[in-house]
Structure formats: C-alpha cells, structure tokens
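Peer 1: Protein chains in written order, with the numbering used here: chain A, 521 to 944; chain B, 521 to 944.
What the hints contain is simulated information worked out from the structure, not anything from laboratory work. Keep in mind that this is a model prediction, so the values were computed, not measured. Just so you know, not all the hints are guaranteed correct.
No copy labels: a pair is met if it fits in one copy or bridges any two.
Listed below are the simulated BS3-like cross-link pairs for lysine-lysine, each with C-alpha atoms no more than 25 angstroms apart in a straight line [said to hold, decoys possible]:
hint, residue 1, residue 2
1, K634, K556
2, K679, K880
3, K614, K819
4, K697, K880
5, K656, K614
6, K586, K641
7, K880, K853
8, K697, K614
9, K697, K819
10, K556, K707
11, K804, K656
12, K659, K679
This is what each chain is made of:
Number of protein chains: 2
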Amino acid sequence: MIRRRLRFRTPQAVLRSLRLATQYGPLTSEAMAIEKALGQVLAQDITSTLDIPHFVRPWVDGYATKARWTRRASSMGPVTLRLAGRLFPEDYPKSSELGDREAFYVTCGAPVPKGADCVIKAEDARSVGSEIRVLKEAKVGEGLSRPGEDVRRGSLVLKRGQVLRAQDLGLIVALGKREVTVFRKPKLAILSVGDELVDPDHFGPDRIVNNYAYVISAATSESGGTPVLLGIAPDDPDSIAAKLSEGVQLADAVATIGGCSVGAKDFVPDAIARLGEVIAHGVKIRPGHVAGVGVVRGKPVFMLPGHISSCTMAFYVFVVPTLARLAGIGPSKILPSARAELSVAIDKAATHTFLRLRLKERRGRLLAEPIHGGTNILSSLSRANGFVLVPPGTSMRKGQAINVTLFGKLEHASFDYSKSSRDC
Amino acid sequence: MIRRRLRFRTPQAVLRSLRLATQYGPLTSEAMAIEKALGQVLAQDITSTLDIPHFVRPWVDGYATKARWTRRASSMGPVTLRLAGRLFPEDYPKSSELGDREAFYVTCGAPVPKGADCVIKAEDARSVGSEIRVLKEAKVGEGLSRPGEDVRRGSLVLKRGQVLRAQDLGLIVALGKREVTVFRKPKLAILSVGDELVDPDHFGPDRIVNNYAYVISAATSESGGTPVLLGIAPDDPDSIAAKLSEGVQLADAVATIGGCSVGAKDFVPDAIARLGEVIAHGVKIRPGHVAGVGVVRGKPVFMLPGHISSCTMAFYVFVVPTLARLAGIGPSKILPSARAELSVAIDKAATHTFLRLRLKERRGRLLAEPIHGGTNILSSLSRANGFVLVPPGTSMRKGQAINVTLFGKLEHASFDYSKSSRDC
C-alpha cells in the first residue's frame, strides 16, 4: 500500500531547499496610519528631520531666572526675586525679557524669557505677592530641555525590520508623521484535507471535526500572519489541487493539514506535484516525519501532517520561520521565548526531537516539563506552552537551562507565575 | 503658586483605596465566535459533554487485526494474513467483521472492524496481492485511540479567567462549540490636557504634539484594553470636566494625561472633584509622584502626569492592574515578564522607584540595564523594554536576578537575542 518513498532530510536542509526554490523575502510595503501600526514591521529607516524638543523649553513648572541670582539660596536664607509675570505654552511666540533680579513663572513647554538660564522647580521657591523666595541654589540649565535633547535632527530613530511598539508610535507622531511604511503582513491559506472531516457546523459525536484548522489559523495570527481558511478538501487529487490553486491566488503561502503521509489516500504531494513541485517530503524529526514542503507558482506550500503534534511541529519548524521572512523580521523575533530549567533529563535521540514543554514557576524559577506521547492528543497541546528543538545525538540534563520558544504571545498568561516572584 | 498639598501614599495604598471606592470587578460577559476569540478571557468554565475521541479509532494508517495472530512476527520471519478489505473514515457507520487470520487496511479515523484489537502501522507490514506480511509483533491496543483518551466526558477542559490561545480554540471546536462566553474587554478613554498641545494634524516645529496619547492608547491595546481617544482639553476645569463626563459615558475607566501637578494650570483634580471624588493625589514613587486616582460615576479615573516617564509609570502601576481586574484576569497575567540579571547595582531610595530597563542578551543570558534620567525624554522609553518597581529602602546588587515586567507583548521582538542562544 506504500506508494511513495520519503527521503528524510534535516529540518534545516528542508528550509534551505524551500528558500532556494522560492527565493521569498519580505513582501511589498504599504503606508499605514499610526493608529493601526501597533505590531507592524517597519519597512523603512526613520530618521528625524527635526530636533525634539524643537526649542529650549521648561520641563518643570516653576520660575525662569538667572542661576547666578540664586547663589547661596537656602530654606534658612532664601533669596528674593521680583515676579515679573507668567508664561504658558500658548504664549508662543510672545517674547519676554528678564529684568535685573527678576523671575517669570513658567509651566512645562512655555516660552523661556530672554536672559533666563534655568527654571527653579515650583517646590523650591515660595511666591509671596509680587515676589518669590528662592529656597535652593539653582544651576545653569536646570529645569530646561535643550533642543535635540530627546531626538537630534538627522539621527536614526527607528530601524527597518523593527516591530512597532507603543512607545515607538509616540516617537513617530512626535516627528510629525501620521503614517508609517510597514511590510504587508503575510497571508497563509489553510486547507484541511480528509474525507472524514466535517465543518464545525456539521458537528456530531460520530464525526471528526475540522478543528486543527482553527489551531493553525489562530497560531498564524499569533505569528504575525493573516490566516485565510480554505475549508476542507476531500481525499481526491483534483479537489486538493483546485483548493491549492485558490490558496496560492489568495495568499502568500499555503499550509495543508493531513493527507501527506504514505497511506492509500494521501494525495497532497500528488496535488502539489501537479501544480508545481514537491521540494521535500520527509523530515528527520519526531513527531511529524511525514511533513514536507513544496512550491506552487513561486509560493511555499507546507504539508502539515494530520496528527496535532506533528501538525504543530511542522507549523513551528517550517511555517513560522517562513512567515517571519515574509514579514521582514528575523525568525527569532516572531515568537517570544522564556529561559527555563528542564524538569527532567532528556535522552539523546537519533533524529531531531520537537519537544513540547509546559512551563511552571517554582520559587521564582521557571521549570520546563516535557509533554510526552499522544501525538494525536489535542489536550496535551493545551497543557503545553512552547517547545525546544533538540538536535540528534543531544542529551540534556535535569536542571539544564534552555530557551523555550513559546507557542504565541499569549502564552505568558498561562504560566503558573506565583505572585511573590513578580515583585522584584 | 502652589495651591494644593499632595498627600503622598504608597502605590499599593492608592490602588487599595481605588478598589474600595469603585468596587470594580470583571465586566459583563458576551458570546463570541471562535474565529474572534483568540486572546479573549474566558468567562465560563468549559466542561466536556462528550468523550474525545468519541469512539475507538485508528490513529495510524495500517492494518487492523488481532494482535495474537502476529505473535513472533519479524522481518526475518514475517506472518502472513489475508487482506480482507479497506476501510476509510467516511465508511461510517458501515460495520465489517474480521474473519480468522484476516486484516483490514484502515486509515486514521476509519471504523475498526469487529474483532480487531490493534492496528499495525503500514510500515511494519508489506502488502502482497491479497495478503499482507507482518514484519513485527503487535500489541493489543496498539495504533488505536480509546474513547475519552484525549478528553474525558465531564472533565474540566478550560477554566474561567484563562486567556484563550490557539490550541484552546481547537479544543473548544472539538467539543462542538462555535461560540464561547468571554469577558468584555475594558475600554479606557484617554484625555490629554494642556493649552500647549496640538493634534498631530496641526503639527509644526514650534508646537507640542499630543503624542503621548498614542503611546498610552497603544499600551492599552497591549494590556488587554480597548482605547478610546477623547482628544485634547485645554487647561480649563469646565472643558476638562466636560470631556471627563464624556469619557465615563464611553468607557469603563478614564486616563488623563497632564494637568495633575501643582502648577497654576493643573486643573484635572478640580475637574474630577466637581464630577466625583479624588481618591488619592500624590504617590510615594519616582518618577511620577504627582500621579493620582479618582472616581467619577463609579468608574476609575487615572491622573497620569504629563512627563512621559511619569505618565508611563502611572499607566503600568495603576492603569494596568485595573485593566486586568476589569478584564477578569490576574494583574501578573496581563503583561509578559522576563527574568534577567541587573547589569549594575541599584542604590536604595526613600520611595518606590519605577525603574525602566533595557534588556540585552549576552552569551545566552539576559541582562537588564537601567535607563536613568530624562523623565521627559520619549526616546529613552523607546530604548527600554520593561520595568521593575523597586520598594523603598531596597538596594539591588549587580547580577541579581529580577523579574522584568515587559511594556507589552511585542517587546520580545526588541531584545538583542543572539541567534545561537535560540537553539537549545
């Protein structure tokens, strides 16, 4: 019944072949309003065209004056200055001038009167009628922002390939921009394959519901991509090929789920070969050794096996790095990771092992506990938070520190963080 | 010019007073389609109403037979069985029966013929015409999933308060659900206060642009909330009060930015007092000691100071725990954290310190480098990734391991992770 011989290759070799065959790189870029740019990948370097702040301005509320007039001021021996007026930010471009031993009350961002070289904080003086009593000696420049102190004109503020965070957006707005050029998010079309599958709307206890598509779809969103659900194709090469064609038209890459093993009805490789090329089928990895990749019209097609653990392996090992590359960022930046200690020793294996791990905090330390067995057990994945890829011939000792790649940006909420360890 | 005396209290005491005054808890819940539920907070326990799988089924492609007929089978001495037919998942509910020394070819999820107690993997047998040669002894139960092996009927599958991840959604679909009950996301209205501020559309090099609202807005999204931008109110108690009224109508909480210090034009506390109550004004923390909280129509109002570092402090120390509570999850679950080693010693201080930190990886270890100074320097925030709150009188030594709370779920993409350390 075995019609196909798999040629097993390392995960790295499979990814390399796929890159060579598709030559994929970052997608086109597009302008996006700042309000929508959170989490997008910057497609341009951003250089400041101005100094921030643009002019000398107080960054505290207080009294603008000359520092030398406050010499030896103290709470025991205050220095008296004449209060000449008040200046607020909206007074721009009004100009005032400091007379001898005078001070102006100024608020943050107000114009600074000519001749003033410091702003004494409000709490370091007392106002008494038309005078103030300065309680503390001031230094030249105190309380004043210099132009360019925050951002200097001509400086590189944000780099191409950076994921935009809240504070980055604030900086972009400060530069006078309302839009930013970002890489288009990669779209991944997801096709489930199998005569046995039904849509959740046709759920029944004797049916097998197409739920893995929802896992891969949500995991795609978590990995910086936009999922496109293609539905279910029966075990028939024509139907699969038709859906694959649709997929490469709608999306930047396609992932099939199921139908790629060596059984009598595993027609996904045939369908890919009909439209394009199977680049690799068979991976030296457990679980998921029947996974593979192909190319259709220059776009990557991933064959994810039908068992959930294998499917997950192929998604994280092959699809995620590809999404990262299409998105314009490094593969290590697409998913968070956590440093943890292995809870048990791991024996060496002949192939790569995709080891699912559950994270737990014990006395302020993060432990990673392997989840074994049940390649077809979805609930075991729900208990896990991430994985490591253990190379062949590598054993790991109990307590060894490892970097666990988390399954998504939401995983942190699932750890058993004890409250105490969150205080520093 | 100081019109108001602040009463400085610890951050914990301020939060406690706010909780007592507002008695806020999780918001109402709502039904949500699975496709939209990624990252939502579950408002119900989910208990399985069925066994998954629902019936005995093969989880490999191969040959269903009786294990005892394969006794002593090996590649050197294969055992021959008659191939009686093929069964696929769509053959349900067709029933077949195993005759003496017979086997059926079955694929994953297919019905199991009566009398079969194992499924031999396809690669452990060879098919030759109407016979198969079994190359390996099989065990009873091998290759078969038992009903309830994945999820047992009546078992608690997901808990109220859990943040829904990709794999959780797959599990919910497997239970036959298309919808799930989640807590409504809290809305935070954001009001910037200051005569000097202009909207980004009116940007000019001599103007101060209202960019902090964009930082707080995006940080709200990253913290599980929905931001509502109220725009800018001038330094005038009536205008501020009008906008605050609008805010508490539109949202579950309001954050004001600026106008809460002790300057001549700091009218936010007055505006709050007019509509409700100032619960606390003044916090024993640096930076941001002029922050405060109030209550208007039972809803929390946060006074975030106008300097970016102070504003950020008040957001993370007061707003984020409140958003977490409104969202129905623990405060430690709303933002990710990273364990890192302090790059320098930190001297003890008289008040709490909101210490901004930049994370860097050095030889597989994560270092946390304090970002000092520049409370009004936005670019310093862009260099930082998270914070620790250092209690008063606490010094920390160089190399000490600390839990850094990250500013958002996107921060991990900003660390300097070296490639090598991502391999295990």
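Peer 1: For every hint, state whether the structure bears it out.
Peer 2: Cross-check of the supplied hints:
When the C-alpha separation of K634 and K556 is checked against a cutoff of 25 angstroms, the pair qualifies neither within a copy, at 42 angstroms, nor between copies, at 58 angstroms. In this homomeric assembly, K679 and K880 come within 25 angstroms of each other (Cα to Cα) only across copies, at 17 angstroms, whereas the closest approach inside a single copy is 35 angstroms. For a Cα distance limit of 25 angstroms, the shortest separation of K614 from K819 qualifies neither inside one copy, at 61 angstroms, nor across copies, at 41 angstroms. In this assembly of identical chains, K697 and K880 lie within 25 angstroms of each other by CA distance neither inside one copy nor across copies; the values are 43 angstroms within and 29 angstroms between.
Proximity of K656 and K614 under a CA criterion of 25 angstroms is satisfied in neither setting, with 29 angstroms inside one chain copy and 93 angstroms between copies. In the homo-oligomer, the alpha carbons of K586 and K641 lie at most 25 angstroms apart inside one protomer (13 angstroms), although the nearest pairing across protomers, at 88 angstroms, exceeds that limit. For the homomeric pair K880 and K853, the shortest alpha-carbon distances inside one copy (23 angstroms) and between copies (14 angstroms) are both at most 25 angstroms. Taking the closest pair of Cα atoms, K697 and K614 never come within 25 angstroms of each other, the shortest separation being 27 angstroms inside a single copy and 66 angstroms across copies.
Taking the shortest alpha-carbon separations for K697 and K819, neither the intra-copy value of 34 angstroms nor the inter-copy value of 34 angstroms comes in at or below 25 angstroms. Taking CA atoms no more than 25 angstroms apart as the test, K556 paired with K707 passes in both settings, with 18 angstroms inside one copy and 17 angstroms between copies. Within a single copy, K804 and K656 get their C-alpha atoms only as close as 73 angstroms, which misses the 25 angstroms cut-off; across copies the closest is 22 angstroms, which meets it. In the homo-oligomer, the alpha carbons of K659 and K679 never lie at most 25 angstroms apart, since the shortest distance is 37 angstroms inside one protomer and 59 angstroms across protomers.
In summary, the numbered hints that this structure violates are 1, 3, 4, 5, 8, 9 and 12.
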